[in-house]
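Given only the sequences and the hints, what does the whole structure look like? Please build it.
Protein chains: 2
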Amino acid sequence: MQSDLVQLVTGIAQRARAASLVLSTATTEAKNDALLRLADLIDSSHPGLLAANQLDLDQAAANHLTGAQIDRLTLDAGRLRRLADSVREVAALPDPVGAVLEEWARPNGLYIRKVRVPIGVIGVIYEARPNVTVDCAILCLKAGNAAILRGGKEIFHTNTELAGLIRRAIAESALGALPVLDAVQLIPTTDRAALTALLKLDSLIHCIIPRGGEGLIRFVAETSTIPVIKHFTGVCCMYLHKDADPGMAETLVVNAKVQRPGVCNAAEQLLVHSSAAESLLPRVASALASSGVELRCDAASSAILARAGIGHKPAVPADFKAEFLDLVLAVRVVESLESAIAAINRDGSAHTDAIVTRDPAAAGRFQAGVDSAVVLWNASTRFNDGHEFGFGAEIGISTDRLHARGPMGLPELCSYKYLVSGSGQTRS
Amino acid sequence: MQSDLVQLVTGIAQRARAASLVLSTATTEAKNDALLRLADLIDSSHPGLLAANQLDLDQAAANHLTGAQIDRLTLDAGRLRRLADSVREVAALPDPVGAVLEEWARPNGLYIRKVRVPIGVIGVIYEARPNVTVDCAILCLKAGNAAILRGGKEIFHTNTELAGLIRRAIAESALGALPVLDAVQLIPTTDRAALTALLKLDSLIHCIIPRGGEGLIRFVAETSTIPVIKHFTGVCCMYLHKDADPGMAETLVVNAKVQRPGVCNAAEQLLVHSSAAESLLPRVASALASSGVELRCDAASSAILARAGIGHKPAVPADFKAEFLDLVLAVRVVESLESAIAAINRDGSAHTDAIVTRDPAAAGRFQAGVDSAVVLWNASTRFNDGHEFGFGAEIGISTDRLHARGPMGLPELCSYKYLVSGSGQTRS
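Protein chains in written order, with this note's numbering: chain A, 1 to 428; chain B, 1 to 428.
Quick caveat, the hints were computed from the structure, so don't treat them as lab data.
Hints may be right or wrong, so weigh each one.
Note that identical chains are pooled: a pair holds if it fits in a single copy or bridges any two copies.
Claimed, not checked - Under the rule of at most 20 Å between Cα atoms (straight-line distance), these lysine to any residue pairs were calculated in the SDA-like manner:
#1 242 with 421
#2 321 with 202
#3 321 with 14
#4 313 with 178
Okay, structure coming up:
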């Protein structure tokens, strides 16, 4: 059984590798043709997709899914229309492949070009969101990569139906003639042993992107011998410097915490400079409280809010390293810009942090000193996002420092290679 | 004992992380000051270094080292002078940190800058070459990274002496005042359990670079939960297209195979187009044979060489996937450009491959279709090298596709982050 699974995933990976070698030089037109056909197929396949989705929903209770999880896996006509639209948006994006990133001549006459090429075969390991199936498939395809998708058992039927549409779109498109039918494959089992076997195929698969909860990501990172780009937790901080504009401070902290508290770039912690805490904190805290945010305060901020008569709770040490993903905010007072930077580097997750200040020098020191993927000055942490950066689409927000950091768009799904032209040069 | 080792390496990693946060904003002048002091210290410390090296040499027999291995670990006055020179060369290279890689404004007024920053903490795992200790330390330092070095037991005494000099150079330099004394640390034990523990510290160490034999690299890739940049084998191919200039073909193949056969960018395989094999192969083969190269031939090339009376051996299938690192070359005839590309993608190691042809279209198709880090046209495979690319120094040649591919210089030892400036923007 175990060896059958190894054979199964090895076959999938070998077909993906073969497809990737052809797909890597496919034209932009052929790739877009497949994408636009997929969008049309999604539009014309609502009945089949919704029926498959219903099979997954029927098992949601047996799978012990929460209400939020059931909501994420549920498809309806509106969500399917938005899914098809997102495919058309990716078709409209520029093709990242083939761009000359750098070129130069050497004194011996060699001419070197560094060109962007697909990575090759990318494995995406995720949980129960059907839009991830389509997003990852189309972004990998547009960037010339073959994709192997492994979703959770909670959306197995929906994924199988979607994967069938993707394969049909490729077959009927200009890509089908190449042929790259195996450019997008779904692992047809959710057996954990198949996943483990897949994560060891480092001679065939070049990159693994896990998307999901911390448990899944940790399992993948610990098991995989293939390079992994992780999308981990965001313990994001807003720091109010001593000269922060009070109105801007209030607006930005409320936006960073409240606008969508369940996502990785929502603020989880507020730090306030001690010399401004008395004036700033009551105003910001009262705005947060009226938005239903629970404040967990250190001794200094608690004393200020108590004097102002604003409700709050005492923080425990773990609150200052927590990703609440909820209407909860840890609050503390710091003695200096340097203490704020040190606290964020120690307790944050190097994801997204922001300073509110009128002082460009303080902003510059904060942006240089805070060791995070995105460091903002006078803006909400919620802007760490591929769409907000203008990337058009994102496959996720990398918390790694190698290859891609922060929002990952199409160029980040590519590697590069060097093309060297000579006239008979030898090395001595 | 086990837990003592975990504590030991955790302490080292924590100190490295603290040092890296300071080092990341150190000035170019301060970093160069440390490098130049190190070069002077190496120059003035020959007696101590040679005495430590002698202790390692005394144990070489007990460690079962081969003659080549003993040669690699042996220091003498000339090698020490070249080591000091290489440190001065890195000091003279431009600082990669702080470069603005891209910048753009968003319609909402946000201004985004993508700037190059150090990766953070880099662990280098290697075997028995003392110059790796210095090379990796100085390249990491120049790029603003803290380095944790773990060399093999065969050079433990030499490494300990070199690490002492590096620490002294930092302490006496402008960096010492920051303080970043722990910017370069040597793991003071070669116990394998300490290495295993180190490779699990993914919250403190951001990148692992293994340098050495395949066994070491495989162990590191399988054990590490930290991202690894691998420097694997090179099964490099030279392909002679049907219109290759005979003189150039001879010169390039001999250079690629013979000039330094024991390195990863030496050619291991020769492919010749069938319609030119009769005319090209005898000339090239006889030049190789006079350089002492053993030719392992497929049936078609063997028949041609037999007719020409040139000595050779029959190849076994494994020869066409082998990294000989010796004066041995696998030879085969292919029916077309496409067969050459397919054979190289199937049997090569995606490291370095070259075509010899007068036809720009054939060269273009070969460079696009061959899925390797460096693909050359009319030049020797030996040019896949940081110095030959003009990088000034290299930490190795990456065989991975993520982050860095091919020669890794100072910029490849960096990550990036996004600095976003606003005026109170919120997300809706």
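Status of each hint after checking the structure:
In this assembly of identical chains, the alpha carbons of residue 242 and residue 421 lie at most 20 Å apart only when taken from different copies (18 Å versus 58 Å within one copy). Within a single copy, residue 321 and residue 202 get their C-alpha atoms only as close as 34 Å, which misses the 20 Å cut-off; across copies the closest is 17 Å, which meets it. Taking the closest pair of Cα atoms, residue 321 and residue 14 come within 20 Å of each other only across two copies (17 Å); inside a single copy the shortest separation is 42 Å, beyond that limit. For the homomeric pair residue 313 and residue 178, neither the shortest alpha-carbon distance inside one copy (63 Å) nor that between copies (39 Å) is at most 20 Å.
In this structure, the one hint that does not hold is number 4.
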